[in-house]
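Visitor: Starting from the structure of chain F, add chain L where the hints point.
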Amino acid sequence: MARFLPPESFSAATEDLSLLPFNFERTGANQYLVANMVGDFICLTEDELNRLVDLQVRPGDGLYEKAYAAHLVTGASQKAQRQLLAARLRSRMSFLQQTTPLHIFVVTLRCEHSCPYCQVSRQSTDRSRFDLSEQTAMRALDIALASPAARIKIEFQGGEPLLNFPLIRTIVAAAKVRSGKKVDFVIASNLALLDDAVLEFCRANNILLSTSLDGPADLHNKNRPRPGANSHELAVAGIRRAREVLGPDRVGALMTTTEASLNRVDDIIDEYLRLGLDGIFLRPLSPFGFAIKTKQFAKYGAQKWLAFYERGLRRVLEINRQGTPFREFYAALLLTRMLSDRPIGYVDLRSPAGAGLGALVYNYDGSVFASDEGRMLAETGDDAFRLGHVDHDSYNSLILSDKLIGAISSSLTQCAPECSTCVYESHCGADPVYHHATQGDALGIKPLSAFCARQKGIMGLLLDILENSPEDAAILRRWAAA
Amino acid sequence: MLSSDVLKERFLNLVTDENLRARVAEKTEGVRNVILALAFGALATNQNDAG
Numbered sequence: 001m002a003r004f005l006p007p008e009s010f011s012a013a014t015e016d017l018s019l020l021p022f023n024f025e026r027t028g029a030n031q032y033l034v035a036n037m038v039g040d041f042i043c044l045t046e047d048e049l050n051r052l053v054d055l056q057v058r059p060g061d062g063l064y065e066k067a068y069a070a071h072l073v074t075g076a077s078q079k080a081q082r083q084l085l086a087a088r089l090r091s092r093m094s095f096l097q098q099t100t101p102l103h104i105f106v107v108t109l110r111c112e113h114s115c116p117y118c119q120v121s122r123q124s125t126d127r128s129r130f131d132l133s134e135q136t137a138m139r140a141l142d143i144a145l146a147s148p149a150a151r152i153k154i155e156f157q158g159g160e161p162l163l164n165f166p167l168i169r170t171i172v173a174a175a176k177v178r179s180g181k182k183v184d185f186v187i188a189s190n191l192a193l194l195d196d197a198v199l200e201f202c203r204a205n206n207i208l209l210s211t212s213l214d215g216p217a218d219l220h221n222k223n224r225p226r227p228g229a230n231s232h233e234l235a236v237a238g239i240r241r242a243r244e245v246l247g248p249d250r251v252g253a254l255m256t257t258t259e260a261s262l263n264r265v266d267d268i269i270d271e272y273l274r275l276g277l278d279g280i281f282l283r284p285l286s287p288f289g290f291a292i293k294t295k296q297f298a299k300y301g302a303q304k305w306l307a308f309y310e311r312g313l314r315r316v317l318e319i320n321r322q323g324t325p326f327r328e329f330y331a332a333l334l335l336t337r338m339l340s341d342r343p344i345g346y347v348d349l350r351s352p353a354g355a356g357l358g359a360l361v362y363n364y365d366g367s368v369f370a371s372d373e374g375r376m377l378a379e380t381g382d383d384a385f386r387l388g389h390v391d392h393d394s395y396n397s398l399i400l401s402d403k404l405i406g407a408i409s410s411s412l413t414q415c416a417p418e419c420s421t422c423v424y425e426s427h428c429g430a431d432p433v434y435h436h437a438t439q440g441d442a443l444g445i446k447p448l449s450a451f452c453a454r455q456k457g458i459m460g461l462l463l464d465i466l467e468n469s470p471e472d473a474a475i476l477r478r479w480a481a482a
Numbered sequence: 001m002l003s004s005d006v007l008k009e010r011f012l013n014l015v016t017d018e019n020l021r022a023r024v025a026e027k028t029e030g031v032r033n034v035i036l037a038l039a040f041g042a043l044a045t046n047q048n049d050a051g
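So the sequences go chain by chain: F and L. Each residue of the first sequence is one higher than the last, beginning at 1 in our numbering. Each residue of the second sequence is one higher than the last, beginning at 1 in our numbering.
Just chain F, same shape as in the assembly (with noise of 0.2 Å):
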């Protein structure tokens, strides 16, 4: 006859306890944080990390208690745990088995618009010689149709890629045609062309738009100067116009910081309110093109753009507490790793790095890159991300390419300098193309590393206000969820 076991059955008193593996930093002078191989996140004191560390720890002292449930310690015979972390593990890097699912078509170079800080070097004339030809694009479409996932993303950007709009015609019936896939297609624009033949092919393609909104009139007209000086009014009736025709979620808008924004980022985000959004990426400037010609990017370092975006988090999570949901999507993407184990891809903040495994550049020219940041690199005679042209590689080609495996494998933060033992390694990535343009390295030395002050900076702020601020913690909770 079955019966209960006594409790000591199910206890490791007795047994030879085992660490599982861990990161952590000091956070104050007897403060640590701590998390365990998936990003669980703890604060110990100095004390209870030695005494963890050297197996001082027996059931009903407290801290095995709280060591065991943050997966730092086990029993030398219990499978479970390790089990459990493993298949953690496995669900969050499942993005992996998704090989390349973002392709995007520079189909043109040219652009309207003269934005001092365009990270792609625009160009102004010449339709033949900055144009992608439909014989390159359809050579580029079969590279695409070839990657191994299921469902693969086509955007195009430029330039201003309506510029060259039958061309984008021509593609999306092509892979219409021509795919097993199932195809998305997302047209990256300033709007500034938008008419109602646009609108209604995105319409009758199901086409999402993406432009740039950079906050209020007179702050997004001076980072982004046109002929008419009337960029924000025509992206602005585009936004309204194109939420008419094709639904409100199916216009987005992202906006990027100057040194002209770090004191306006309440006006932005009452900007991207006042126009209905449902949240705003607040993103920085990127090294790349004429953010590095026109010293742009130059203008503040990691410290005043994290300033920046704390204030403007804080802001978000006010209009949360006054009752309209409102997002910053950055903060939502880290939380969502943060706080759960869904496989998280975003090609920017990933190890291994997006680029190539999360998505393929075909350039106006037919070159390939791997990074959407790889051909802005190559636009200022840096070709170090060019993995091939469109004429003469396949698929299989561009992603077994040396150049690519070696830009991989020598960024992973598993095994990184600095990243492998950073608290927010699970939750970061590695940016080679970022790392390789402001250091000369993929790898990158992490302390003198902006964008590594960036992502600590953040996961910091956020781990603060989960723990200090219970109202703010919910909003941020929901994030995660949805």
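Don't take every hint at face value.
Stated by the list, open to error - Simulated pairs of lysine-lysine, DSS-like, Cα-Cα distance not exceeding 25 Å:
1. F:Lys293 - F:Lys304
2. L:Lys27 - F:Lys66
3. F:Lys403 - F:Lys153
4. F:Lys299 - F:Lys66
5. F:Lys79 - L:Lys27
6. F:Lys299 - F:Lys222
7. L:Lys8 - F:Lys446
8. F:Lys153 - F:Lys181
9. F:Lys446 - F:Lys456
Source of the hints: derived by calculation from the structure; they are not laboratory data.
Guide: Quick look at chain L alone, frame taken from chain F:
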């Protein structure tokens, strides 16, 4: 500018923490490899095939 006492304290903390990291790595290297093998190795492949 940081004082010499603050710099000294920072340096000692850095050395203490790096020593602790080395001890943790030494004690957990084996189990880390077991977990990685369970997550991404042949067993994981078989489970995916079965599923």
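Visitor: Each hint: holds or not?
Guide: Status of each hint after checking the structure:
1. F:Lys293 - F:Lys304: Within the cut-off at roughly 21 Å; holds.
2. L:Lys27 - F:Lys66: holds (19 Å)
3. F:Lys403 - F:Lys153: Judged against 25 Å, a Cα distance of about 24 Å means the pair holds.
4. F:Lys299 - F:Lys66: Roughly 45 Å between the alpha carbons, so the hint for Lys299 (chain F) and Lys66 (chain F) is violated.
5. F:Lys79 - L:Lys27: holds (17 Å)
6. F:Lys299 - F:Lys222: holds (15 Å)
7. L:Lys8 - F:Lys446: Judged against 25 Å, a Cα distance of about 22 Å means the pair holds.
8. F:Lys153 - F:Lys181: With Cα atoms ~10 Å apart, Lys153 (chain F) and Lys181 (chain F) stay inside 25 Å; holds.
9. F:Lys446 - F:Lys456: Given that 25 Å is the threshold and the Cα spacing comes to 11 Å, the pair holds.
Violated hint: 4 only; the structure is consistent with all others.
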